[in-house]
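Please work from the sequences and hints to get the whole structure.
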Amino acid sequence: MGTEDEAEQVQQPAPIASKFPLSFWEATVASTVLVGFLFGFAAVYLTLPDSDYSFLKLPRTLQDLQLLRDNLENYTSDYTAQVLVGYCVVYIFMQTFMIPGTVFMSLLAGALFGVFKGVALVVFTATAGASSCYFLSKMIGRPLLSSLWPDKLKFFQNQVARRRKSLLNYMLFLRLTPTLPNTFINFASPIVDVPYHIFFLGTVIGLIPAAYVTVRAGLALGELESIGDLYDFNSVATLFLIGVVSVTPTLMSKSES
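Residue 257 is where the sequence shown ends in the UniProt record's numbering, and the numbering goes up by one at each step.
If you're looking for bench data, these hints aren't it; they were derived computationally from the structure. It is possible that some hints are incorrect.
[Said to hold, decoys possible] DSBU-like cross-link-like pairs, simulated, lysine-lysine; straight-line CA separation at most 30 Å: (1) 57 / 117; (2) 138 / 152; (3) 165 / 138; (4) 165 / 152; (5) 165 / 154; (6) 154 / 138.
Dropping the structure here:
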């Protein structure tokens, strides 16, 4: 009887709670960061004048973005600080928690602030959001990545280990080409031991070309029919060429050794 009871116990499925990849402490850290962002949203919202803000939502289509642009244009000149802070909080929040749609935010920057200010704003917020994601992942990311993308994580880890001596060039290459998604790079970099100063420089420099392409397109937002119009053959080829140039020193050092 004892043997049968033990066999039944072995065959019982593991409790659902044990499958959750984060410990209580890690979930608490993530929740605390989320609550901090919510307070930031509330602070920005409360400083705006009384009005109908039903248009305020994360854009998911070009139509949503055009509606948001049309309404925010009325506020940007009179409440520039609030719009800027609100924009930064939203962009950094999306980057921190890997929420898709930052391309719409980059288009919005161009539509509201022009090319020069828009590129500076996008690079700043994208770098801040990527850094926030980096440090959050440093605390809680390993179990999530191991659970969600084990193969992709192993590939990235092997590539980083092979290019340790020219890691900045490799990070620039990743930022400039679609080899790996930027959100994955942000979250996985601390797990595969990419030093923060390399991560930071690769992000700041590597995001500028793509930010310029997207922000400039925001100036003619009404002419865009789809997100695919942003990246025509010439734009993609240019970004890829820059990426190849950035990784060339790494390839040459390997061939010489």
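Contradicted hints - numbers only: Nothing - there is no hint that the structure violates, so all of them hold.
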